[in-house]
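2 protein chains.
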Amino acid sequence: MKADIINPFLVSIVNVLATMAQTEAKVGKPVLKRDNVGQGDVSGVIGLAGEQTKGSIAITFTDKAIIDIASKMLGEQLDTVDETVADMVGEITNMVTGGAKKILSEKGYKFNLATPTIIVGKGHMISHKSKAPVILLPFETSAGSFFVEICFDNFGVKQ
Amino acid sequence: MKADIINPFLVSIVNVLATMAQTEAKVGKPVLKRDNVGQGDVSGVIGLAGEQTKGSIAITFTDKAIIDIASKMLGEQLDTVDETVADMVGEITNMVTGGAKKILSEKGYKFNLATPTIIVGKGHMISHKSKAPVILLPFETSAGSFFVEICFDNFGVKQ
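Chains A and B are the protein sequences, given in the same order. If you use our numbering, the first sequence corresponds to residues 1 to 159, in order. If you use our numbering, the second sequence corresponds to residues 1001 to 1159, in order.
In isolation and in its complexed conformation, chain A is listed as follows (with noise of 0.2 Å):
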């Protein structure tokens, strides 16, 4: 069940990451989140919501790494985060999250995203409120490292 949960998201941040910016992410392995570890500079945050099922996913990038893929992303250098960077990072987590959803409603699970919100502000920390447990999962890049915050209610509930 926990591959179930694991693998479209995984599949699906590598691909968009090759695809859109060229950015080869190594996977590191998954744990299970029991604090706010996952410290990061931008994040994108984004709910699911199903008649069974809920949940919160969050991206979480440093500095360094979100504006090398921006970069990338867009074709030209940039130096900061800014609202375009932060227009990227949307761009991420909608592509993730959408191609996540399409793998897990051809398995059968069923549910809605939201729109993303995006947390711009240096060693943020987050923490998702859910009665399950959170699955993080770390990334590497030639830029640096990001984070994949995965948390579900009821998620072995087919619809």
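No wet-lab data here; the hints were simulated from the structure. Don't take each hint at face value.
[Claimed, not checked] If you anchor each label on the Cβ, the simulated ranges turn out as follows:
{"#": "1", "chain 1": "B", "residue 1": "K1002", "chain 2": "A", "residue 2": "K29", "range": "44 to 52 Å"}
{"#": "2", "chain 1": "A", "residue 1": "E51", "chain 2": "B", "residue 2": "E1106", "range": "16 to 24 Å"}
{"#": "3", "chain 1": "B", "residue 1": "Q1077", "chain 2": "A", "residue 2": "N7", "range": "40 to 48 Å"}
{"#": "4", "chain 1": "A", "residue 1": "L74", "chain 2": "B", "residue 2": "K1131", "range": "18 to 26 Å"}
{"#": "5", "chain 1": "B", "residue 1": "K1107", "chain 2": "A", "residue 2": "E51", "range": "16 to 24 Å"}
{"#": "6", "chain 1": "B", "residue 1": "G1108", "chain 2": "A", "residue 2": "I103", "range": "27 to 35 Å"}
{"#": "7", "chain 1": "B", "residue 1": "D1087", "chain 2": "A", "residue 2": "E83", "range": "26 to 34 Å"}
{"#": "8", "chain 1": "B", "residue 1": "A1003", "chain 2": "A", "residue 2": "V27", "range": "46 to 54 Å"}
{"#": "9", "chain 1": "B", "residue 1": "E1106", "chain 2": "A", "residue 2": "Q22", "range": "43 to 51 Å"}
{"#": "10", "chain 1": "A", "residue 1": "V31", "chain 2": "B", "residue 2": "M1020", "range": "27 to 35 Å"}
No residue lacks a Cβ here, since even glycine has one placed at the ideal position from N, Cα and C.
Keeping the supplied structure of chain A fixed, place chain B upon it in accordance with the hints.
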């Protein structure tokens, strides 16, 4: 239509803070958020998603305001923003959006709520990635200010 969106959230947050934290919240003039003006220290973010409508809601507090509110909710004086305060923000976010959902549902607007995500980080900024404008409701309490940001795509579509 704008009042249809705003009022359920306004009524709900005023009720929740009065009931749970004996705190009177005075609302200021609602404005359209054009940039990242809603800086704060602790935010609760929640997605909502239906077949047609989707969106995101953020409730953003200053440290001072949320420490005061959380202390009153718990009946003990807190000094700092910690996991307990983050939990209270999650509770407030759930209660406010749950209350607003109930009112909106009675008016024929159907959607499901995701689970809340809490962001802690001094002076972080929030952007909502949606086609719709973001409505910002500023509030004042005796301990400081907070904001509620409301962002709905296709809100006009009743289901």
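Checked hints:
no., hint, result
1, B/K1002 to A/K29: 44 to 52 Å, "holds, 48 Å"
2, A/E51 to B/E1106: 16 to 24 Å, "holds, 19 Å"
3, B/Q1077 to A/N7: 40 to 48 Å, "holds, 46 Å"
4, A/L74 to B/K1131: 18 to 26 Å, "holds, 21 Å"
5, B/K1107 to A/E51: 16 to 24 Å, "holds, 20 Å"
6, B/G1108 to A/I103: 27 to 35 Å, "holds, 33 Å"
7, B/D1087 to A/E83: 26 to 34 Å, "holds, 31 Å"
8, B/A1003 to A/V27: 46 to 54 Å, "holds, 47 Å"
9, B/E1106 to A/Q22: 43 to 51 Å, "holds, 50 Å"
10, A/V31 to B/M1020: 27 to 35 Å, "holds, 34 Å"
Checked against the numbered hints above, the structure breaks none of them.
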